[in-house]
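Chemist: From first to last, the protein sequence lines stand for chains A and B.
Just so it is clear: in the first sequence, position 118 is 118 by the working numbering, and no numbers are missing.
Just so it is clear: in the second sequence, position 336 is 643 by the working numbering, and no numbers are missing.
Hints in this document: simulated from the structure, not taken from any laboratory.
Built from N, CA and C at the ideal position, the CB exists for glycine as well.
Watch out, some of these pointers could steer you wrong.
Among the chain B residues that face chain A by a calculated CB cut under 7 Å, a handful are [what the hints assert, rightly or not]: (1) 398; (2) 445; (3) 449; (4) 450; (5) 456; (6) 460; (7) 463; (8) 468; (9) 474; (10) 639.
Between beta-carbon pairs, the in silico distance windows are [what the hints assert, rightly or not]: (11) B:484 with A:61: 43 to 51 Å; (12) B:589 with A:182: 48 to 56 Å; (13) A:65 with B:511: 50 to 58 Å.
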Amino acid sequence: MSDIWLVLGGTLTGAVGPGISVLYATYGELITERAGRINLGTEGSMLMGACFGFMATAETGSATVGVFAGMAAGSGLSLILAYLVIYRDTNQLATGFALTLFGAGITAYAGRGYVDSTIGGLNPIAIPLLSEIPKLGEALFQQDILAYIAYGLGPLLFVGLHYTRTGLSLKAVGESISVAYAAGRNPRVIQIAAIAAGGALAGLGGAQLSLGLTHTWSEGMTVGRGFIAVGLVIFAMWSPLRAMVGAFLFGGAIGLQLQLQTVGAPVSPFILDMLPYLIILFVMALWSRASARAMPEGLKGVLRANT
Amino acid sequence: MQYQSTLRQAQGLATTITTPPIARSLLAIVFAFLVFAIFIAIIGRDPVEVYSKMFEGTLGSRVGLSEVGVRMIPFVLTGLAASIPARVGLINVGGEGQLYIGAWAATGVALYVDLGTIWLMLPAMAVAGFLGGAIWGGTAILLRHWRNVNEVISTLLSNYVAILFVDVFVFGAWKNPTGFGYPYTSNFEFESILPTIADTRLHLGLVLPVVGIIATYLFLSRTRWGANMRAVGGNPDAARRRGIPVLRYIIIAMLVGGGLAGLAGMSEVSGIQHHLRPGISNNLGFMGFLASWMANHNPIALIGACFLIAVIVVGGDVLQFSGNLPSAATLILIGLVLFSVLGFRKLERKIE
Chain A
1 MSDIWLVLGG TLTGAVGPGI SVLYATYGEL ITERAGRINL GTEGSMLMGA CFGFMATAET
61 GSATVGVFAG MAAGSGLSLI LAYLVIYRDT NQLATGFALT LFGAGITAYA GRGYVDSTIG
121 GLNPIAIPLL SEIPKLGEAL FQQDILAYIA YGLGPLLFVG LHYTRTGLSL KAVGESISVA
181 YAAGRNPRVI QIAAIAAGGA LAGLGGAQLS LGLTHTWSEG MTVGRGFIAV GLVIFAMWSP
241 LRAMVGAFLF GGAIGLQLQL QTVGAPVSPF ILDMLPYLII LFVMALWSRA SARAMPEGLK
301 GVLRANT
Chain B
308 MQYQSTLRQA QGLATTITTP PIARSLLAIV FAFLVFAIFI AIIGRDPVEV YSKMFEGTLG
368 SRVGLSEVGV RMIPFVLTGL AASIPARVGL INVGGEGQLY IGAWAATGVA LYVDLGTIWL
428 MLPAMAVAGF LGGAIWGGTA ILLRHWRNVN EVISTLLSNY VAILFVDVFV FGAWKNPTGF
488 GYPYTSNFEF ESILPTIADT RLHLGLVLPV VGIIATYLFL SRTRWGANMR AVGGNPDAAR
548 RRGIPVLRYI IIAMLVGGGL AGLAGMSEVS GIQHHLRPGI SNNLGFMGFL ASWMANHNPI
608 ALIGACFLIA VIVVGGDVLQ FSGNLPSAAT LILIGLVLFS VLGFRKLERK IE
């Protein structure tokens, strides 16, 4: 019995850290999809952020520079998708997936010399008083600076999407390009900006992963976190607040896996490694009908799942 | 009569969309190689030397050519695994995982079923590989039809699960007890190994993509079912109104696609590795997916796309070996080629 409580407690405290990088990528993909585009290159942008964020930090000694370098790298990669799908009308899913492999190639090449090194990167900052709350305080308020920014970004995006002119334009483009155009918006510019912002946030997530969580860089280190983010956006029904729930669910799955490994659960570690992917698929299946109703009109042609 | 004429219209439309304009594609490929040459120059290497080494190591020698052929086998099979579902509007990004499960199933037969002769072992392994890949791919249709989960996400995530699934066995129950702790299964017996052709690494698995391409081509272009598949992919609602059983087409296309990727896995363990180990595929399934899009899901064009990717991949290995370029650079070049081919395609005039 005590094992169960130990595992559950550990899962809760361990859920936040691994969830942050996915949360940023999910925010990014959410913005992109609200504008009616889907970017499977999110995984590639995360890798770019993780790699270039790490390299920039290692070279300059400043994690701040690393974070911005990661954002720029993630955003730069996503601009390739923006050009191809908006101006050349290529298939979004194939282009996005190719972008991920392209990013994997670039980062495997660029990061070769950094594979075995460790850096200080981003360190946890305990928030006075709050961090002393048992369990919860430890889980939420002993994180790095990017975690605190991520907590705030969810509500901020929520307000931004629903109550600002920019947010409303973004949603309008995602619902109908021609209606948005008729209303005097410039759909192309809005979509390019949304894709670039999405790539920047994915890059930020990647940078958080290599600078804040692992403090190392290794080839392909995101292992599908970017694709999980694409799934979480659907689970989140395109709401930034639900995205937070989804990302911490992913973090919880990682936390649970680590806890089970620590207490020596009699299961192959590889089965435990499957948990995050399976749990995300499971929750997507559970809430799929509701999320199908919430889908932006502009995505319905690409993401249809009913036959 | 009316059915006939709409069908002809649909076919006509499909041909204008799916026939790849060869000149444009070649131009796009040249463009991608030029961009990559700039990249090579920027990192301080000589593009002419790199490209000539790449050419010598692939098309310039018998060994190189046979290596290109060896690589084309899984590329074509996983390419078909993306192309066939694409005909009915499905996007199968799960070729990599289906390949792993096919390799796993074929290995299971090789290690634990003794049929005595190679004439029974190889077909049994092929059937197991096909079924493994088909079932793995089929779960995506289950999730799609009954739970509304889009197959892009489910096939993408199931790749990671499949790779770990193989790890469970090769690090666990199937680990060779005399393998010095390496996560490999025991080596296959002679009866479970695809014979090689002449003295190269090219093996009889070559039959699989050849038959696959011809069968797919004939099926898609010469049969009513092939035409129906296009109709399902073009507009499922219209197809349904014409009495085409849409769901049945979708299920079968995905099962066949997954099965072909599974066959690729069988051919890799039986023809090349002769045992199962982690990381058996190293992006083979993903390359097939890219080849399928490069070829616009046309089975004949797929041969060309797979040939090109195989040349780049084998050439990349040669360059890595000679110290000219790390093999990670091949992914960059392949990405550039796909962006370029997609981007050079003539824009359809949109009717809104």
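Chemist: Decide, hint by hint, whether the structure agrees.
Modeler: Checked hints:
1. 398: 5 Å, holds
2. 445: Since chain A brings no Cβ nearer than about 14 Å to residue 445 (chain B), farther than 7 Å, the hint is violated.
3. 449: 9 Å, violated
4. 450: 6 Å, holds
5. 456: 5 Å, holds
6. 460: 5 Å, holds
7. 463: Holds - the Cβ of residue 463 (chain B) comes within 7 Å of chain A, reaching about 5 Å at its closest.
8. 468: 5 Å, holds
9. 474: Since the shortest Cβ distance to chain A is 4 Å, the answer is holds.
10. 639: Cβ of residue 639 (chain B) sits 4 Å from chain A, so the hint holds.
11. B:484 with A:61: 43 to 51 Å: 50 Å, holds
12. B:589 with A:182: 48 to 56 Å: Check passed, 50 Å falls within 48 to 56 Å.
13. A:65 with B:511: 50 to 58 Å: 56 Å Cβ-Cβ, so the 50 to 58 Å window holds.
Comparing the model with each earlier hint shows violations of hints 2, 3; every other hint is respected.
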